[in-house]
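First to last, the sequence lines map onto chains C and U.
Per the numbering used here, the very first residue in the first sequence carries number 1; after that it's consecutive.
Per the numbering used here, the very first residue in the second sequence carries number 90; after that it's consecutive.
Since the hints were made in silico from the structure, they are not lab data.
Heads up, some of the hints might be wrong.
Here's a subset of chain U near chain C, in silico, CB distances under 8 Å, partners left out [claimed, not checked]: (1) Pro364; (2) Thr554; (3) Arg555.
Each residue gets a CB set at the ideal place from its N, CA and C atoms; glycine is no exception.
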Amino acid sequence: MEQTNRSITVSLKLFNRAFPERISLTLQPGARVRDLMAKVEGSSLFLKELGQDDLLLILNGRPVQNLQGYDTPLEDGDVLAVFPVMAGG
Amino acid sequence: MPFAFAGKMLHVNLTTGEIAPKPLDEEKVLKYLGARGFNARLLWELIPSGADPLGPENVLIFGTGTLTGTSAPTSGRTTVSCKGPATGLYLKTSVGGHWGAELKFAGYDYLVIEGRAAKPVYLLIRDGAVEIRDAADLWGKDVRETTRSIEHALGDPDVQVACIGPAGENRVLFASIMMNYYNAAARGGVGAVMGSKNLKAVAVRGHGRITVARPQEFRRAVLDAVEASYQDFSAKTSYLYGTSASVAVINELGSFPSFNFRSGRIDNAEKISGPFLVEAGYLKRRMGCNACIFSCHRYCEIDSGPHVGAYGGGPEYETMSALGAGCGTVDVELVIKANELCNIYGMDTISAGSVVQWAMEGYEKGIITEKDTGGIKLQWGNPEAILGLLEQVARCRGFGATLAGGVRRAAKSIGRGSEEWAVEAKGLEQSRVETRTAFGYALAFAVNPRGPDHLHTQVLAEFGTRPGGRALVAKITGDEKYAFPRTLEKRADIVRWHEDCYAATDAVGLCSFATTARYGVTPELLARMLSAATGVDFFESEGLLLAGRRIMNLEKAFNVREGATRKDDHLPYRLMNEILAPPSAKGDERSAAAAGRPDAVKEQIDSQAYLDRMLDEYYELHGWDKNTGLQRCKTLGDLDLGDVAAELDRMGKLAKE
C-alpha cells in the first residue's frame with residue numbers, strides 16, 4: 001500500500017472487564033502493533049500487569065500471531081481488541 | 090490392594106440381578122491406561138456387533154481414571170462408555186466432579202452394567218456392598234429430586250449420585266447422566282442408554298483410600314505438574330471467568346456459532362460471557378472437580394426478575410452458544426434458566442440447543458409452523474420457544490417428540506431441505522466450534538469416532554496464540570510456523586498427536602484443560618505421575634502416547650465393526666457448503682494470505698476437496714487405507730491389537746496390506 005504522511009486512527013478495545021474500554025488512538029503512518037501497545041501500556045493497569053505472553057491481540061478479527069505478530073503494520077480504521085489469554089471451553 | 094487402583098471391577102446384570110465383583114486385571118487395564126481406554130476394550134469384548142444401543146445387549150460402563158482418587162492435579166475424571174444411541178457407533182463421555190473418586194473409595198475401579206431391569210431400579214454401592222434397589226418412587230423425578238431423595242433416604246448428604254432425569258427415562262437421544270447435580274456425562278445419549286436399562290441412579294459412598302507405589306516420587310511429580318500448569322496465564326482466567334471467558338474472544342474472531350451456525354458473531358455477546366456473570370452478580374461460587382487446581386466450574390443463580398430462583402452449574406461456553414447465541418439470544422438469564430432445565434431434566438445442553446435452533450430456522454423458512462409446535466412461535470430468541478421446546482423434548486411431548494431424536498432424525502422426518510441446516514455428522518450435533526475457520530479442528534471433528542465435537546481431540550495449539558501452543562506445534566511438526574489455523578499443511582500430524590495425548594489424558598483420569606489446553610502437564614509429566622503411582626515403569630512418554638493411539642485405534646475398530654468407513658468421516662452440510670461472513674471487512678482484506686502466508690490456501694474450508702486432502706494425509710499417517718478408511722493388519726498388530734485385527738479380518742473389514 002502506498003505510504004502517505006497522514007496520521008492514522010486505530011480503535012482499541014481493552015477487554016479488562018466484560019464490556020471493553022474503547023480508546024481511539026492517533027498514530028504515525030507506518031506504525032505497527034508494538035508501537036500502539038507501547039503507547040498505551042503505561043496508561044492501563046490491566047496492560048501494566050500482563051506481559052506479551054499473557055495477552056491475546058486480535059486485529060480486525062484475526063489474532064496478530066496469524067498476521068505478523070507485534071510487527072503487523074497498522075492501517076487507518078483498524079480495530080485492535082486486547083484480551084487476557086484464556087483457553088478451554 | 091494394588092497401587093493406584095481400588096483393585097476390583099463390578100459387573101451388574103440387571104436382567105438376572107446378578108452382582109459380580111471381580112478382581113481387576115491391572116496389567117490389562119494399563120495396556121489401555123485406564124478409564125476411556127479400558128472401557129473401549131470392554132465395549133469391544135462385551136457388545137456384539139449390530140446390537141441395538143437401547144436394547145439389553147448394550148452395556149454401560151463407568152470407568153474411573155487410573156490416577157482418580159489421588160492428588161494428581163485435575164484427576165477427577167470418569168469415563169462413561171456404551172454404544173451410542175444417537176450415532177449407532179462408539180460413544181464415550183468424560184465427566185468431572187467427585188463420583189469417580191468416590192467409586193474408588195468404595196472399592197471399585199469399574200462398574201459394568203449389563204441387561205435390562207424388569208422395572209425401575211437404582212444401584213447402591215457402599216464400601217464394597219452392592220444392592221439393586223427398587224426405584225418406583227424415583228421414576229419420573231428430575232435430577233434434583235432424585236439426588237435429594239437418595240441423600241435423604243440414606244441419611245447421608247455426602248453420597249455421590251449419578252442419575253438420569255425424565256429425558257433419560259424417555260430415551261431422548263441426547264439425554265445425559267448427571268453426577269451429584271452439576272456434572273454432566275452429556276454427549277451422545279448415555280442417559281437414554283441408562284433409561285433403557287430401567288436404571289434410575291447409581292449412588293456411591295466409600296471410606297477407603299487409594300495408595301500410590303512411590304509416594305515421594307509421586308509427590309514431586311504432582312508438584313511439578315501443578316507448577317507447570319500455573320505457568321500459562323489462562324489458568325487464572327479459567328478460575329476467574331470459567332469456560333465462558335472465551336465468549337467475547339471467539340465472537341471477536343467471528344467464530345462464535347450464532348443463529349444455528351449461520352453467523353460467527355452476535356451483537357452484545359459480552360452479555361453471555363464469563364466476566365459478565367461475575368460483574369452482574371449471577372456467579373455465586375466457583376467449584377472444582379476432585380483434585381482440581383483450576384476450578385473453572387461455575388455456580389450461578391438469578392436473584393430477581395422473571396426467572397428468579399433459577400440456579401445451577403454453569404452455564405459453560407458451549408451452553409452460552411448452544412442455548413444462547415445459537416438460538417439468537419444474549420439474554421443471560423434466559424440461558425441460565427434453559428441451562429437449569431437441561432440439567433434437571435438430564436439433557437446435553439449442546440444437542441438440546443441444537444434441536445431448538447434447527448427448529449427456529451425451519452420456522453423462519455416456513456417449513457415448521459405453529460401447527461407443528463402446538464402454538465409456540467419459534468422466532469429467534471423467543472424465551473417461550475426455547476423453554477417451551479426444552480420441556481416438550483424432555484417429556485417427548487408434542488413437537489418435542491420429533492426433536493428428541495436429534496437434528497438428523499428430525500430433519501429426516503420433516504424433510505424439505507432441512508437436512509442442510511441440521512448441523513450434525515454421524516448423527517451427533519456439532520459442538521460449538523466454528524470448524525470452517527480452524528482446519529485442524531475441521532479434520533479432528535470429521536474423524537472423531539463419536540461425532541463432531543471437541544472433547545476427543547482439542548487442537549487449540551493450532552491457533553498459535555500462546556507460547557505453549559507454538560512450542561508444542563514446533564515439537565510435533567518441526568516448525569512453529571505450522572501453528573496457524575488456515576493452512577492444510579501438517580494438520581494430520583497435529584491432530585494425531587492430540588488424539589494420542591487426549592486419549593491418554595482421559596484414560597489416566599486427568600482433565601484435558603491440564604494437558605492440551607494449558608500445556609502444563611506434558612506426556613512426560615503424565616508418565617512420571619502414572620509410573621510413581623502404579624509402580625509400573627514402562628510409561629516413558631512415547632509409550633504413553635502409543636497407548637493413546639492404541640485406544641484411538643480400538644475405538645475406530647469398534648466403528649468399523651459396525652460398518653463405518655471413510656464416508657462417515659465428514660462434517661455437517663452447512664459447514665462444508667456455506668461461506669461464513671468474515672469477522673470484519675477489514676479482516677478480510679488483511680487476510681492471512683496477504684500477510685505473507687502462502688500456505689493459507691483459503692480463509693475457510695468450503696469444499697470437500699480441502700477436507701479430503703487432510704483426510705488422505707491423516708489416514709496415511711495412521712497406516713489406514715485412504716480409500717476406505719479401514720485399518721490394516723500391520724497397523725493394529727504394531728499396537729498389540731492383533732486379536733482385534735483378526736476379528737475384523739474374519740468380517741472382511743480389514744484393508745488389504
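Quick rundown of the hints versus the structure:
1. Pro364: At 4 Å from the nearest chain C Cβ, Pro364 of chain U passes the 8 Å test, so the hint holds.
2. Thr554: Result: holds, 5 Å to nearest chain C Cβ.
3. Arg555: holds, 6 Å
Hint compliance for this structure: every hint is met.
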